[in-house]
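Sequence order for the protein chains is P, Y and H.
Residues 1 to 264 (this note's numbering) are what the first sequence spells out, left to right.
Residues 1 to 264 (this note's numbering) are what the second sequence spells out, left to right.
Residues 1 to 264 (this note's numbering) are what the third sequence spells out, left to right.
Derived by calculation from the structure, the hints in this document are not laboratory data.
A few of these clues could be false.
[Unchecked claim] Below 20 Å or equal to it, Euclidean Cα-Cα: the simulated DMTMM-like pairs (lysine to aspartate or glutamate) are:
1) H/K129 / Y/D224
2) Y/K167 / Y/D197
3) H/K152 / H/D120
4) H/K185 / P/D49
5) P/K129 / H/D224
6) P/K185 / Y/D49
7) Y/K129 / P/D224
8) Y/K129 / P/E107
9) P/K196 / P/E107
10) H/K129 / Y/E201
11) Y/K125 / P/D218
12) H/K129 / Y/E222
13) H/K125 / Y/E195
14) P/K264 / P/D218
15) P/K125 / H/E195
16) Y/K129 / P/E222
17) Y/K125 / P/E195
18) P/K129 / H/E222
19) Y/K129 / P/D49
20) Y/K185 / H/D49
21) P/K129 / H/E201
22) P/K185 / Y/D44
23) P/K125 / H/D218
24) Y/K129 / P/E195
25) H/K129 / Y/E195
26) Y/K185 / H/D44
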Amino acid sequence: MAESRRPIITLLTDFGTVDHFVGCVKGAILEINPDVHLIDATHDVPSHDVLAAAFTLRSYYNYFPAGTVHLVVVDPGVGTRRRPLLVATERYYFVAPDSGLLSVVFENETIHRVIHITEDHFFRKPVSKTFHGRDIFAPVAAWVTRGIDQFKFGPEITDYVSLSTPKVRQVGPKLLQGVVLYVDKFGNLVTNFTEKDIPAERFDKILIAGEEVSILQDAYAEGDPGEFFAIPGSSGFYEIALTRDSAAQALEAARGTEVGALLK
Amino acid sequence: MAESRRPIITLLTDFGTVDHFVGCVKGAILEINPDVHLIDATHDVPSHDVLAAAFTLRSYYNYFPAGTVHLVVVDPGVGTRRRPLLVATERYYFVAPDSGLLSVVFENETIHRVIHITEDHFFRKPVSKTFHGRDIFAPVAAWVTRGIDQFKFGPEITDYVSLSTPKVRQVGPKLLQGVVLYVDKFGNLVTNFTEKDIPAERFDKILIAGEEVSILQDAYAEGDPGEFFAIPGSSGFYEIALTRDSAAQALEAARGTEVGALLK
Amino acid sequence: MAESRRPIITLLTDFGTVDHFVGCVKGAILEINPDVHLIDATHDVPSHDVLAAAFTLRSYYNYFPAGTVHLVVVDPGVGTRRRPLLVATERYYFVAPDSGLLSVVFENETIHRVIHITEDHFFRKPVSKTFHGRDIFAPVAAWVTRGIDQFKFGPEITDYVSLSTPKVRQVGPKLLQGVVLYVDKFGNLVTNFTEKDIPAERFDKILIAGEEVSILQDAYAEGDPGEFFAIPGSSGFYEIALTRDSAAQALEAARGTEVGALLK
Chain P
1 MAESRRPIIT
11 LLTDFGTVDH
21 FVGCVKGAIL
31 EINPDVHLID
41 ATHDVPSHDV
51 LAAAFTLRSY
61 YNYFPAGTVH
71 LVVVDPGVGT
81 RRRPLLVATE
91 RYYFVAPDSG
101 LLSVVFENET
111 IHRVIHITED
121 HFFRKPVSKT
131 FHGRDIFAPV
141 AAWVTRGIDQ
151 FKFGPEITDY
161 VSLSTPKVRQ
171 VGPKLLQGVV
181 LYVDKFGNLV
191 TNFTEKDIPA
201 ERFDKILIAG
211 EEVSILQDAY
221 AEGDPGEFFA
231 IPGSSGFYEI
241 ALTRDSAAQA
251 LEAARGTEVG
261 ALLK
Chain Y
1 MAESRRPIIT
11 LLTDFGTVDH
21 FVGCVKGAIL
31 EINPDVHLID
41 ATHDVPSHDV
51 LAAAFTLRSY
61 YNYFPAGTVH
71 LVVVDPGVGT
81 RRRPLLVATE
91 RYYFVAPDSG
101 LLSVVFENET
111 IHRVIHITED
121 HFFRKPVSKT
131 FHGRDIFAPV
141 AAWVTRGIDQ
151 FKFGPEITDY
161 VSLSTPKVRQ
171 VGPKLLQGVV
181 LYVDKFGNLV
191 TNFTEKDIPA
201 ERFDKILIAG
211 EEVSILQDAY
221 AEGDPGEFFA
231 IPGSSGFYEI
241 ALTRDSAAQA
251 LEAARGTEVG
261 ALLK
Chain H
1 MAESRRPIIT
11 LLTDFGTVDH
21 FVGCVKGAIL
31 EINPDVHLID
41 ATHDVPSHDV
51 LAAAFTLRSY
61 YNYFPAGTVH
71 LVVVDPGVGT
81 RRRPLLVATE
91 RYYFVAPDSG
101 LLSVVFENET
111 IHRVIHITED
121 HFFRKPVSKT
131 FHGRDIFAPV
141 AAWVTRGIDQ
151 FKFGPEITDY
161 VSLSTPKVRQ
171 VGPKLLQGVV
181 LYVDKFGNLV
191 TNFTEKDIPA
201 ERFDKILIAG
211 EEVSILQDAY
221 AEGDPGEFFA
231 IPGSSGFYEI
241 ALTRDSAAQA
251 LEAARGTEVG
261 ALLK
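Generate the whole structure from the sequences, applying the supplied hints.
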């Protein structure tokens, strides 16, 4: 694919879009490198929700061109001892707090190095204790796009936080146990079952919140009104959906709800 | 006007800004053409609401410079037989599902050609059945900005879906019947009466939801608190408004509410 | 710092992100200068809330590189006699209605000149009486980035509207009286007490809504659940916060709520 000529920084935060936070982060980046192309991924991750942020990041980061810097600031621990990280993989850079946000990157990517950001001459001064997004993460992301060597930002570490994604468990010869990872804005329940766990030809039914879902669809619009169905979703996981309605609301299910799968 | 040097793609979707969908679409575009300037028009069209999307698109598309690609993904039929379209007009390109979204473009623009997008070597692989925004529409929009000839994307068609905008009807010598097309975030009720239908000097009153609106204003701030007034709005239609309050809520009116107009 | 090579225009509005308004403003700018890098600060300022807009602007504008044009459209008086302004300071340009929105700029910046925008050949025609954001403010911001001399837009004025920020009052030898300026999305109550008003070593307690807040923290995450604390916030003001919860809701406090401060 084409190499990016202008540096790209994507933004994932829980800052919301009402206040000044997003403006500050963007300004702090452009002040250091006005050529950056800023890409809003989302600023509406639920406040302090590291798991939601991690799921969202995993679902979009690898669609971007090589060289992209992914800036991720969902940071309930701002101002405490949690470390700011700069992670270099084969294709990308990630700048984020060391809170487990990048677990999926650690799991799935070839990690070149993980730097604990300590060199404060790259920070915006004075550094607010409550807004490292503006004063530490944004400036570091911007300096990375100006070609500053990764090792200049601090020491390499190996003891970074990595939360493991909930694993699918085999609980019977034809029975799997999983969990809802995420609920999207359409109310679709994203499970942690992949097509590798449940090949389409072996799909029998999914059990969730007292409901047996035995219909397997290819497209959201194919379902009949009021009928739940399973569908291989675009993030690589099976989803439970309801045609033009919210499966999550109808089933009173949410992230963490247990899900069973019966295979043929 | 100035010719655009960087290609521009505008984005109109119902993806919301909470999930990963917008990030995926932006990444898929930049992976193919990192020079594109991405412009968020809105991602907050009500889910699956093709009519709201069509009204929104009509209200902004022709403010952009010639050569702009308008990417429009409100796509309740994703994964079904509805066709993906590439439409070339005198000034713009449009990439959208064939759901009537582009009706206003077909009505108002000189159409050069309408292409049914079929050539899947321009798609992102594997093509998810549930996220054509990422795997079909975004890549095609990006390839258009790289100068790929329109005919390369598939065959020209003429039987595309075109919904007609609700027409104003003359129901008496001085009486017109219309309808509310849209309600904006301020609660202003946008009717389908234009200044051609009701020249200001012939305005007598508008009838809506049992209310007779006989005040005609030029500016939202001119009305007295609690008084409804009519105003020629910025989209070219008469609106019913209430100073610093929501006319839609106060009148319990919505899209589709019938409206009458008495002329002098 | 680096000089910006591409012109930057930041956008602050109360247009919301559901309708076509933002798309129109962006198109109107790019039609005049397609090279502009458009930066969304926020479009979600509460409708018509000039004070909230002014606080938001003050909190981000000076993080941007020199030469940035800040476009601010929260404009309840659109279409009335309120004047459109172009303000040039040492580092920035501001384009906004003359409603007091720019008070903080007038207070804090070296003002080079304040122009009353009158020269309508820079406007988009026809000029809607209800959408000056699209037809006046956006085009003027765009022409500024194309190097049009400020004086070409209209006469210089000195009688622009400037609202004074609520001042902290000394009401006793060790007692200050202030006010809540803003509530952010996390429910943090931003007061108008600065660290100059209350040096950390003299902090005794803050009095708000019947509560005595005597804990002073450095980081939001340091507080105990259910305990209110004061914290020097990132905008330069003391905030009243509640760990991972909304202090505003818990205290039923809002903008304008009176706040007292006891010093040691």
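Comparing the hints with the structure gives:
1. H/K129 / Y/D224: holds, 17 Å
2. Y/K167 / Y/D197: At roughly 11 Å apart (the allowed maximum being 20 Å), Y/D197 and Y/K167 satisfy the hint.
3. H/K152 / H/D120: Roughly 10 Å separates the two Cα atoms, so the pair holds.
4. H/K185 / P/D49: holds, 14 Å
5. P/K129 / H/D224: holds, 17 Å
6. P/K185 / Y/D49: holds, 14 Å
7. Y/K129 / P/D224: holds, 17 Å
8. Y/K129 / P/E107: Measuring from Cα to Cα gives roughly 26 Å; hence the hint is violated.
9. P/K196 / P/E107: Distance ~17 Å between P/K196 and P/E107 Cα, so the pair holds.
10. H/K129 / Y/E201: Status holds; Cα separation ~17 Å.
11. Y/K125 / P/D218: Holds - the C-alpha atoms of P/D218 and Y/K125 are around 16 Å apart, at most 20 Å.
12. H/K129 / Y/E222: holds, 11 Å
13. H/K125 / Y/E195: holds, 16 Å
14. P/K264 / P/D218: holds, 19 Å
15. P/K125 / H/E195: holds, 16 Å
16. Y/K129 / P/E222: Holds - the C-alpha atoms of P/E222 and Y/K129 are around 11 Å apart, at most 20 Å.
17. Y/K125 / P/E195: Holds. Y/K125 to P/E195 sits at ~16 Å (cutoff 20 Å).
18. P/K129 / H/E222: Roughly 11 Å between the alpha carbons, so the hint for P/K129 and H/E222 holds.
19. Y/K129 / P/D49: violated, 29 Å
20. Y/K185 / H/D49: Between Y/K185 and H/D49 the Cα gap is close to 14 Å, so the pair holds against 20 Å.
21. P/K129 / H/E201: holds, 17 Å
22. P/K185 / Y/D44: holds, 11 Å
23. P/K125 / H/D218: Between P/K125 and H/D218 the Cα gap is close to 16 Å, so the pair holds against 20 Å.
24. Y/K129 / P/E195: OK: Y/K129 and P/E195 at ~14 Å, within 20 Å.
25. H/K129 / Y/E195: holds, 14 Å
26. Y/K185 / H/D44: Holds: Y/K185 and H/D44 sit about 11 Å apart, inside 20 Å.
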